[in-house]
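A.B. asks: Listed here are the chains, written in short residue letters.
Number of protein chains: 2
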Amino acid sequence: MKKVKKNPVIAIAGATGLVGSEMLNVLEQRKVPCSELKLLASKDSVGEVYKFNEQEVEVEALSAESFDGVDIALFATSAELSSIHVPAAVSAGAVCIDNSSYFRMKPEVPLVVPEVNFDAIKDGDMIIANPNCSTIQLVPVLDVIHKIAGLRHVVVSTYQSVSGAGKAALDELWGQTLAVFNQQEVPQEAFQHQIAFNCIPQIDVFLDNGFTKEEFKIINESRKILGIADLRITATAVRVPVFFSHAESVFVETEKPFDLSDIIKRLSKAPGIAVRAAHDEYPMQLEAASTDEIHVGRLRRDESVENGLSMWVVADNVRKGAALNAVQIAERLIAG
Amino acid sequence: MKKVKKNPVIAIAGATGLVGSEMLNVLEQRKVPCSELKLLASKDSVGEVYKFNEQEVEVEALSAESFDGVDIALFATSAELSSIHVPAAVSAGAVCIDNSSYFRMKPEVPLVVPEVNFDAIKDGDMIIANPNCSTIQLVPVLDVIHKIAGLRHVVVSTYQSVSGAGKAALDELWGQTLAVFNQQEVPQEAFQHQIAFNCIPQIDVFLDNGFTKEEFKIINESRKILGIADLRITATAVRVPVFFSHAESVFVETEKPFDLSDIIKRLSKAPGIAVRAAHDEYPMQLEAASTDEIHVGRLRRDESVENGLSMWVVADNVRKGAALNAVQIAERLIAG
Chain A
1 MKKVKKNPVI AIAGATGLVG SEMLNVLEQR KVPCSELKLL ASKDSVGEVY
51 KFNEQEVEVE ALSAESFDGV DIALFATSAE LSSIHVPAAV SAGAVCIDNS
101 SYFRMKPEVP LVVPEVNFDA IKDGDMIIAN PNCSTIQLVP VLDVIHKIAG
151 LRHVVVSTYQ SVSGAGKAAL DELWGQTLAV FNQQEVPQEA FQHQIAFNCI
201 PQIDVFLDNG FTKEEFKIIN ESRKILGIAD LRITATAVRV PVFFSHAESV
251 FVETEKPFDL SDIIKRLSKA PGIAVRAAHD EYPMQLEAAS TDEIHVGRLR
301 RDESVENGLS MWVVADNVRK GAALNAVQIA ERLIAG
Chain B
1001 MKKVKKNPVI AIAGATGLVG SEMLNVLEQR KVPCSELKLL ASKDSVGEVY
1051 KFNEQEVEVE ALSAESFDGV DIALFATSAE LSSIHVPAAV SAGAVCIDNS
1101 SYFRMKPEVP LVVPEVNFDA IKDGDMIIAN PNCSTIQLVP VLDVIHKIAG
1151 LRHVVVSTYQ SVSGAGKAAL DELWGQTLAV FNQQEVPQEA FQHQIAFNCI
1201 PQIDVFLDNG FTKEEFKIIN ESRKILGIAD LRITATAVRV PVFFSHAESV
1251 FVETEKPFDL SDIIKRLSKA PGIAVRAAHD EYPMQLEAAS TDEIHVGRLR
1301 RDESVENGLS MWVVADNVRK GAALNAVQIA ERLIAG
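Sequence lines, in order, name chains A and B. Just so it is clear: in the first sequence, position 227 is 227 by this note's numbering, and no numbers are missing. In this note's numbering, each number is its position in the second sequence, counted from 1, plus 1000.
Please note that a few of the clues may not be correct.
To be verified - Partial list, computed: chain B residues near chain A (C-beta under 8 Å):
# : residue
1 : Arg1152
2 : His1153
3 : Asp1302
Calculated directly from the structure, the hints in this document are not laboratory data. All figures in this text were calculated on a predicted structure; none of them were measured in a lab. Backbone N, C-alpha and C fix where the C-beta goes; we use that ideal spot for every residue, glycine too.
Build out the structure end to end from the sequences listed, making use of the hints.
C.D. replies: Pasting the structure below:
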């Protein structure tokens, strides 16, 4: 990768959204070295002021000229905006860490969860893709199990919070719930159907094969990050009426026999993973919100196959699932 | 089974609970032949009056003497109460259809979903067990697929509404949601943790193997109803903040190749099953509430195994998952 300065100029593009503003929080909380921070967003937000390290930073308009002098650009923008502005930032000399889906599956772009495949970043790489939130929390867990016993088959069903769909979606769950209470008409914009007191088995649009794009992100991105091109993995992605954090019910069949206590031990020692080994002390979305870890619980031997394992995986989708993962990549680039 | 009169005396034990009162509704809506209806409940409810077929019926205390002259007794009571009162009803000559878990796995008691295994009821059977709600909506779907291509492996993750835990649980979701809105302390009794804006990966208590009883009900009851003692099936049961209906993400691997359109056609023709074949017209809990059907959507070929199928199954857990299924058994006993 490009050598990054020890005290870089960092820009956040899309700084006023849920993920962008969390990137700002995470940069400050983790005391990431930063000589100057630039906050970039659409014209509507220009002039808004955010606090960073005791200083006030004014939001500037995201444009082709935004990246002059920037060393690291964190993108929390849509695929469309990233497709335009990431190349501009690269031309200006910035290493870009992009949270959109636009570059993720391009063979020349590393797709990185630092705990798993930071070494996928090679000298000269100027674009690094941040995976989908549901993928980020899954892959470090699968990686540990794969190294112990080999992954033979993975079946994932997700319980994804509305924050994955941005600020408007948080407002919609809140507003719809209130409307149900007041027996008023339920307003609906952010989702295809009412999400208050309901689960929606659709995230993103449908592909011809009947899967959603979200489900194929989990499938394809997991394969790329783990470096197992033919990994047998399937997913059903479901939106649930929860504000923050995604949960996943994960079934794994391994190639080789394993010792459950060994898997628990190795997961517990893995960076970024917190294991709840006692059956009744499972993690939940409500508690995982605002934490950095990937929380794994309900770990149990699954007798439905010869070498089976079932579990429940929870993480803050805005934090580890997006902002934190991007900042962790930046930190390691800076550390060299 | 015992011959049942064409115009029987029917009793509902536990008539004032969620399932019991739904049994009353279903008996009336389906015009089930009934010369007299007896409503039985705990002392607290004695004297309450319910309407049935334009007549007023007063709740009586459930006791050893309640079943004199009763031909069919529908039990919507706890396992503990059923263990005491079902034998008393049998002694009084009533055929008992019991919704509790108490008799379900006893080898001599048929466990019945009428669409699948009504013929499990033999001459002389006086106790018929009604399966667990999450099992009832799953098994008719699995049965169709098994007959077409053979079940090799089934992985289920549930999204279960709070109504499965009774009236107090409905109040708790409602009250907790209101408390969150008003930034008050969140009251908590019915569930282990806050359910408002949260998912709880625990239903019923834990077994030593790390599964919950609910999960093993799905596993064991499905095997018994389908008559496949060694069916390879696993489940993760999760409570979600939804009032009515359970949803299930179901992955199936079959023994033989299948034609997806054939499965869709056969499921569509199966009694009690409603298929949404268009990918984006999936069923949801909000709409399935108060309907009789098992709704199947998101049916798609799953390439993670050679013969794979994924889908989303939704039904009203109080209705098809409990009250309706019991009444359907009674109807067929009466029809002889």
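A.B. asks: If you test the structure against every hint from before, which numbers come out violated?
C.D. replies: 1
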